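Sequence lines, in order, name chains A and B. Letter by letter, the first sequence follows residues 8 to 339 of this note's numbering. Letter by letter, the second sequence follows residues 8 to 339 of this note's numbering.
Each hint can be trusted.
Derived pair list, reagent style EDC-like, types lysine to aspartate or glutamate, alpha-carbon separation capped at 20 Å:
id, chain 1, residue 1, chain 2, residue 2
1, A, Lys88, A, Asp73
2, A, Lys88, A, Asp49
3, B, Lys196, A, Glu157
4, A, Lys196, B, Asp78
5, A, Lys196, B, Glu157
6, A, Lys196, A, Glu161
7, B, Lys184, B, Glu161
8, B, Lys196, B, Glu161
9, A, Lys88, A, Asp78
10, B, Lys88, B, Asp49
11, A, Lys88, A, Asp70
12, B, Lys88, B, Asp73
13, B, Lys88, B, Asp70
14, B, Lys196, A, Asp78
15, A, Lys196, B, Glu79
16, B, Lys88, B, Asp78
17, A, Lys196, B, Asp21
18, B, Lys196, A, Asp21
19, A, Lys184, A, Glu161
20, B, Lys196, A, Glu79
Just so you know, these hints were derived from the structure itself, not from any lab. Owing to the predicted nature of the structure, the values given are computational and were not obtained by experimental measurement.
Protein chains: 2
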Amino acid sequence: VPPIIVAVDALGGDQAPRAIVTGAVQAARREDISVALVGPVDQVRAELERHGSLRQLPITVVDAADVVAMDEPPLAALRRKPRASVKVAAELVSRHEAHAVFSAGHTGATFLAAHAAFGVLPGVERPGLAVTIPTRTGTAILIDAGANLESRAEHLVQFGIMGAAYARVGWRVASPKVGLLSIGEEAGKGNDLIREAHAGLSRAPVTFIGNLEARDLFSGRADVIVCDGFTGNIALKVGEGLVETIEHLLRQELNATAVARLGGWLSRRAFQRFRRRVDDAEYGGAPLLGVGGLTIVAHGRSSARAVENGIVMAARLARERVVERLAEALAG
Amino acid sequence: VPPIIVAVDALGGDQAPRAIVTGAVQAARREDISVALVGPVDQVRAELERHGSLRQLPITVVDAADVVAMDEPPLAALRRKPRASVKVAAELVSRHEAHAVFSAGHTGATFLAAHAAFGVLPGVERPGLAVTIPTRTGTAILIDAGANLESRAEHLVQFGIMGAAYARVGWRVASPKVGLLSIGEEAGKGNDLIREAHAGLSRAPVTFIGNLEARDLFSGRADVIVCDGFTGNIALKVGEGLVETIEHLLRQELNATAVARLGGWLSRRAFQRFRRRVDDAEYGGAPLLGVGGLTIVAHGRSSARAVENGIVMAARLARERVVERLAEALAG
Chain A
8 VPPIIVAVDA LGGDQAPRAI VTGAVQAARR EDISVALVGP VDQVRAELER
58 HGSLRQLPIT VVDAADVVAM DEPPLAALRR KPRASVKVAA ELVSRHEAHA
108 VFSAGHTGAT FLAAHAAFGV LPGVERPGLA VTIPTRTGTA ILIDAGANLE
158 SRAEHLVQFG IMGAAYARVG WRVASPKVGL LSIGEEAGKG NDLIREAHAG
208 LSRAPVTFIG NLEARDLFSG RADVIVCDGF TGNIALKVGE GLVETIEHLL
258 RQELNATAVA RLGGWLSRRA FQRFRRRVDD AEYGGAPLLG VGGLTIVAHG
308 RSSARAVENG IVMAARLARE RVVERLAEAL AG
Chain B
8 VPPIIVAVDA LGGDQAPRAI VTGAVQAARR EDISVALVGP VDQVRAELER
58 HGSLRQLPIT VVDAADVVAM DEPPLAALRR KPRASVKVAA ELVSRHEAHA
108 VFSAGHTGAT FLAAHAAFGV LPGVERPGLA VTIPTRTGTA ILIDAGANLE
158 SRAEHLVQFG IMGAAYARVG WRVASPKVGL LSIGEEAGKG NDLIREAHAG
208 LSRAPVTFIG NLEARDLFSG RADVIVCDGF TGNIALKVGE GLVETIEHLL
258 RQELNATAVA RLGGWLSRRA FQRFRRRVDD AEYGGAPLLG VGGLTIVAHG
308 RSSARAVENG IVMAARLARE RVVERLAEAL AG
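One chain only, chain A, in its complex shape (with noise of 0.2 Å):
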């Protein structure tokens, strides 16, 4: 089996190219997966030395001087820097030297450059960003977590669709149970975009469920969870921001008395066992699903462990052969 190359942007995220190179060393320590770096040569070489030997390990630099910045418009900046590592990274997938490309860098700049490298699959609108999250019994989907801004019920049906293709392609989900994120469980409560929308994903090839309000977003009733990327935004961020509120309140609770304090000590590891499996599931790397290469973007504050997991879900979903298959299932 030839191995998988993913394009990694080294210079993306809140902490590149630090942890970015740290990862993809990571990664690259694993079996059938190779690394290619992209950003300026000196710089990622500098942070590779800090590893010490890596001859045996698959992995290369490709030069790429600039950066688009958190606070720049993406696609003035794009323009404006035809040597962005995330483009470069995006063009060595569609020159085919390069199976996938991964960034924690500006989502919208990912977005864009992979919208120019690859375009978009036959009968495809909008991409959506489809992140995976921990549930009480597994795993789910939620598409779009912020590719786009704003959205018409035609594009959620869309999403619906390709959400329900990825459960199956890439999670073995046979037949995923697809949600539409409202206000209330009834098909008329919502606004006028979620009344829309449920009317077209009744009426779409999936399993439809009706509408799932936001508490159910955990709980493991749908596989696949549709919403505006805006609200998909603000539901993921709630939900880190509430998960380190938690832990925050809970570490004075657990403090507060010697008995709480010896609690709390005896049941540490069960707090990083629960702390790694919200990481994994949240952390690892989303699919930016329908457009014509296969995309990851991972969280900006992505730790070189969360980089390794997303380059290896990189490489998983490329091996699935996930957008070819995606292709398929919105042929019909």
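Since the structure of chain A is already known, use the hints to place chain B on it.
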């Protein structure tokens, strides 16, 4: 000091009338609170009798036979049911026979009944539901939590002004910081609605700290968090669902080994205190800001304890003359 009279919708809520009546009895046992329980007299009396001798308690029963069910379109239901409990309760306030109305029933029906009975304060276009959420440093106000499903930018600006006035009057925050919930902190981040509301809040007579990411909802960065009702409802319900899921997953981990079990047992009181801290702040009840009478909306799933807290909150806000002082703040 004459007691504050709270008109309580005995039929509203998933556990009505039992949890409502129990919560009302508990609230009436506190100093200076009278309760008018509004519902079918026989049914309410039967529930009251479960609590033994109530001769000393300041509780009256006001007859109202009908209820707006959770799956009914509320406008049509209120027209068809002139004796709906929430409507009769609101009318007690407009006739000055009570100081505040409390309901854990259909939020839309409470909104419409309050609007019909009280009208809106001068200058208010859309009332907003102001929920108190726990943060690392105390509490924050989120407005709108779901009174409106579609909002324009000028409504969001008014939510900010009303929320800030409520934080000052109801929560004694001297100079409340107002944030606009969006998907990025920069002024340009968000959809069209957010960008327009950002411009409006920048010019409004409030301490506007700009966009607030959803991950900062519980961080304490803002005292007042402004959003449209659809987004606000999603954000709050994601929070609720996640708290439950985290407890579930942590329980699993705490049961995985004997040491973790012992740790979990020793720290159980810390968990209880944590849970109470979350519940107290979140489920007490939320005032509908902008209507001309004090209206407290509680969660449909409210327990007796949550109902008690909500009635106590209603009495406190009535005593502080929140509606009158909000009207003054809005007037300039």
